[in-house]
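*Asks:* Could you build the full structure based on these sequences and the hints that come with them?
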Amino acid sequence: MSPGSLRAIRAATTRGEVLVSPVSAWEIGMLAARPRPGVVFHPNPQAWFARLLALPGVQLAPLTPEAGIESSFLPGKPSGDPADRLLIATARALAASLVTRDRGLLRYGATGQLRVLAC
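The sequence shown begins at 988 in our numbering and counts up one residue at a time.
I should point out that these hints are in silico values taken from the structure, not numbers from a laboratory.
Any given hint could be a false lead.
Listed next, with one range per pair, are the computed distances between beta-carbon atoms [said to hold, decoys possible]:
(1) Pro1062 with Leu993: 28 to 36 Å
(2) Ala1041 with Trp1013: 13 to 21 Å
(3) Pro1062 with Pro1024: 34 to 42 Å
(4) Gly1099 with Asn1031: 37 to 45 Å
(5) Pro1030 with Lys1064: 37 to 45 Å
(6) Pro1009 with Pro1030: 15 to 23 Å
(7) Leu1050 with Pro1024: 25 to 33 Å
(8) Pro1062 with Val1027: 34 to 42 Å
(9) Arg1038 with Leu993: 17 to 25 Å
(10) Thr1098 with Asn1031: 35 to 43 Å
(11) Pro1062 with Asn1031: 35 to 43 Å
Even for Gly, the Cβ is constructed at its ideal location relative to N, Cα and C.
*Replies:* In structure tokens, the structure reads:
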């Protein structure tokens, strides 16, 4: 992560404003299901995600039916990936910045449709 993104995340954590999407849990599961060198979730993905949510200042973002529907009607030209679209719709509904290194999400953020923080 970049020093700037780490500072922003630490500041948000101090304010209790770090939100983690349930979609991220699915993405972690997908990463763990196809092991790659250097990508390990100790002792398992479920425990790793639970520890993340137990950190001070970190909370689970709601995944609402409204976000599910909104993800189908996003302005501009967002990613076609359903997980990305759910992340976008949730971040927009919560007026939250999305921390990502995904190029497609960063490009979408550059259009002004989504607040993004590159990491």
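*Asks:* All the hints need checking, so say for each whether the structure fits it.
*Replies:* Verification of the supplied hints:
Look at Pro1062 against Leu993: about 30 Å separates their beta carbons, and that is inside 28 to 36 Å. Restraint check, Ala1041 to Trp1013: a C-beta distance of roughly 19 Å satisfies the suggested window 13 to 21 Å. Here the CB-CB span from Pro1062 to Pro1024 is close to 39 Å, well matched to the stated 34 to 42 Å. Taking 37 to 45 Å as the suggested C-beta distance range, the pair Gly1099 and Asn1031 conforms, at roughly 39 Å.
Between Pro1030 and Lys1064 the Cβ separation comes to about 41 Å, which falls inside the hinted range of 37 to 45 Å. At about 21 Å, the beta-carbon gap between Pro1009 and Pro1030 stays in the expected band of 15 to 23 Å. Range check, Leu1050 to Pro1024: about 31 Å between beta-carbon atoms, so the 25 to 33 Å window is met. The supplied range of 34 to 42 Å is met by Pro1062 and Val1027, whose beta-carbon atoms lie about 38 Å from each other.
Between Arg1038 and Leu993 the C-beta distance comes to about 19 Å, which sits within the given range of 17 to 25 Å. Between Thr1098 and Asn1031 the beta carbon distance is about 38 Å. The supplied range of 35 to 43 Å therefore holds. Between Pro1062 and Asn1031, the C-beta spacing of about 38 Å keeps the proposed range 35 to 43 Å intact.
Violated hints for the displayed structure: none, as all numbered hints are satisfied.
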